[in-house]
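Go by the hints and put chain B onto chain A.
2 protein chains.
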Amino acid sequence: MSPDEFRHWGREVVDWIADYMERVEAYPVAPSVEPGEIRAQLPAQPPEEGEPFDAILRDVNAILLPGVMHWQSPNFFGYFPCNNSGPSILGEMISAGLGVQGMLWATSPACTELETHVLDWLVELLDLPRHFKSDSLGGGVIQDSASSATLCAIVTARERATAGQSNQTGVVASLTAYATAQTHSSVEKGIRIAGLGSDNLRLVETDDQYRMRSDRLRQAIAADLAAGRKPCFVCATVGTTSTTAIDPLAEIGPICRQYDLWLHVDAALAGTAALCPEFRFIHEGLEWADSYCFNPHKWMFTNFDCDCFFVRDRAALTRALSVLPDYLRNKATESGKVIDYRDWQIPLGRRFRALKLWFVIRWFGAAGLKAMVREHVALAQHLARWVDSDPRFERMAPVPLNLVCFRHRGGDAATQQILDRVNGSGKAFLSHTRLRDRLALRMCIGQTHTQRRHVEAAWRLIAEAADDLHSDKPSGS
Amino acid sequence: MSPDEFRHWGREVVDWIADYMERVEAYPVAPSVEPGEIRAQLPAQPPEEGEPFDAILRDVNAILLPGVMHWQSPNFFGYFPCNNSGPSILGEMISAGLGVQGMLWATSPACTELETHVLDWLVELLDLPRHFKSDSLGGGVIQDSASSATLCAIVTARERATAGQSNQTGVVASLTAYATAQTHSSVEKGIRIAGLGSDNLRLVETDDQYRMRSDRLRQAIAADLAAGRKPCFVCATVGTTSTTAIDPLAEIGPICRQYDLWLHVDAALAGTAALCPEFRFIHEGLEWADSYCFNPHKWMFTNFDCDCFFVRDRAALTRALSVLPDYLRNKATESGKVIDYRDWQIPLGRRFRALKLWFVIRWFGAAGLKAMVREHVALAQHLARWVDSDPRFERMAPVPLNLVCFRHRGGDAATQQILDRVNGSGKAFLSHTRLRDRLALRMCIGQTHTQRRHVEAAWRLIAEAADDLHSDKPSGS
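Protein sequence lines, in the order shown, are assigned to chains A and B. Going by the numbering used here, the residue at position 98 of the first sequence is 512; the numbering climbs one at a time, nothing skipped. Going by the numbering used here, the residue at position 128 of the second sequence is 542; the numbering climbs one at a time, nothing skipped.
Every clue listed holds true.
One copy or two, either will do: identical chains are not told apart, so a pair holds if it fits within one copy or between any two.
Straight-line Cα separation of at most 20 Å, EDC-like style, residue types lysine to aspartate or glutamate; simulated pairs:
{"no.": "1", "residue 1": "K547", "residue 2": "E698"}
{"no.": "2", "residue 1": "K784", "residue 2": "E692"}
{"no.": "3", "residue 1": "K751", "residue 2": "E448"}
{"no.": "4", "residue 1": "K745", "residue 2": "E451"}
{"no.": "5", "residue 1": "K784", "residue 2": "E463"}
{"no.": "6", "residue 1": "K644", "residue 2": "E602"}
{"no.": "7", "residue 1": "K745", "residue 2": "D851"}
{"no.": "8", "residue 1": "K547", "residue 2": "E451"}
Keep in mind the hints are simulated off the structure, nothing from the lab. If you're wondering where the values come from, they're calculated on a predicted model, not measured in any experiment.
One chain only, chain A, in its complex shape (with noise of 0.2 Å):
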């Protein structure tokens, strides 16, 4: 494809993109389609030679749309959200146009250092601790999601507590790990990943509000080290992925400090929030953290992937990520002066996924995002007042930021009848979870372009769904 005919089509998918942008409001939220439905209309082999462009956005109309989830619908409330934003897609652009690749600081010095400045801005713009900073033995790394964030911390957590000895004697096999069942299902599978085996995670007790209890972490760590084991980790999380719940950081932390335990804090979601300083009470304690990572991809307006990976010593991560064959060798390397990412992350290469996240802070500004944080937050807590204020219904958590539980008191059925009926609309999307053994609906209000009328449209939405339960009538949507 020539320059030229790159700038014809590229405008062409830039109409597409506002168009989309424009109408995305108006489509069906949840796609309804059968499985094997989108693949059965594409041909079953390659084709050999090249078609017009036309052709493949054709079938992207026609075919994949009718299969996608509008993440980006203002009417998009299930799990949490993965939001993009116009700076941010624009950034991916010139990152795809650019191509380099980063793995090195010699491989784009522009790409590394931009990735560094960006994360060294997010610590002042959460006010997150001085040691995660570049000037301090600690730093910032973009990952692709929580899940390798937390997969590096565990690795890192495993080498430290063997002194890098790992598995050289077995020594694996003593160590436990803790979270609490609230805790994101990424930490089981990273410490299946790094060989520490499901069986050696504690789930810790939580609280009536979902948060870890730190007398049951003292008490299993105890235990643990009683009979034998090494405890090594603890995952506690600021905002988990049921109800928005936050660990007790400032209890947990100097628990880990005393067993000499490596504290990973995941705030994916929750993280944003601390823009504002109203909301930082969320990171109360996190000065005691060795690792913590936050996502913007989920509620800072940059699209996936984009999470941000703070640790205090970033040696112990380096050590433990760190194989350097010939071919990487280069003066810039061996003279210590930079960072070279790719012993921060599983990956060796790495697209410039800085630029995004850079676009979006400058073209919000601070003040920007902090508006756009807080309004999020207000419709969470007039929601929550509605369900309140309704008798059919029981709120199911506290809402400390932007994410409200709640079920039908008429029971599990109830509330599933209403979930379906809701997303079978295609007016609004919720997803769900389960809390104490119930099920219950998620309503997580945190879409780019989310305003009031979204909020109440759903919750009429809701409310209708519940007029209509025990009615023999067919539903009157």
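Below, chain B alone, put in the same frame as chain A:
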């Protein structure tokens, strides 16, 4: 940013990319900046108020562009290529614009189904073993990199070898794995991350062409068995990083089968060559592999990240990597009729990466892709002949495909001087490796836009640098 603002700035960015495509050949391939030079030009504090987009774009040009390596220059011959192409960038744009998150089939059926479909196409296009197709017990998935694919293979091999009891009894400490000193560093990294320990990775001797010696592999396995160890994993390479050596799969495979070892085949760069029937010799014996990966983001003109990872037994992979929390349960998953790719990879979330690969295959067609690969291989064969016919140079390895390794007969210092001179000129970029403890230049012909004139010009530069080696005159480039 409103849709109309996006429309406006999107066109500017498309023009920026098209202009970059037109100009990239003229830029010095490698930047000449000092550590910290880019950061020093960026404001220490993030902006409180939003900034106009043209200010951001101006800084991309003024601050960042001088600090990037131009991987998309046709004069880029270093490392392995990390290519983009027009259709690939357009695919990445639509992926960013749609912003879907395909962790589950249910969270965007089209994202999953297109990926499965395109990976099945690749089985056809490369003539891979049929058990890698999704209608068998196996299948394919897009990973960010071969490093991550290899880690998934290692973890699956570990779980298979320990019957899922990894680390309950310290059994992981008994596991051993096999590769060669020429195997990519990601294998040692994966072995470490998975908790097997670097010391349990055996580096099997290679032959005089840097290929794994299968007799030595057999001996190493036998020795470990005799010592009570449990061999579990072999990584064979099709196209090693240093020299594109091709391990003898047809000899290695039966040994792995005999001893029940997982055979992973890493063809990150070279796999693409199998588009052309005349290069399919590289995959001879691939039918023995349990898993296989290659990177369209290297030589198939699809921008980073895009590694295609195939497994023979997808159930083994998902058993190793699946953790299913309540909030991700859904009817489609429970029906057993769909693929949830979150269980095929380290991260949970994933973007719509199949789009760019689909765009590339459709735009170029199989015929177009084959023609580009053939041209690159032919150019590399020309280069090898030029090297062979110049008495000052010594070729250091066979050239089965598109990488030529050679040195100046004057030794490491002379070779280094040539490398520095060529790279310092900005007119071409090579990288290096060490072979039999001697410095070798690596020149890989595989950038999307590299033509004969670029290879000729680079060879002239190299020859001139050799001319000037013993000259006292200032170099007359």
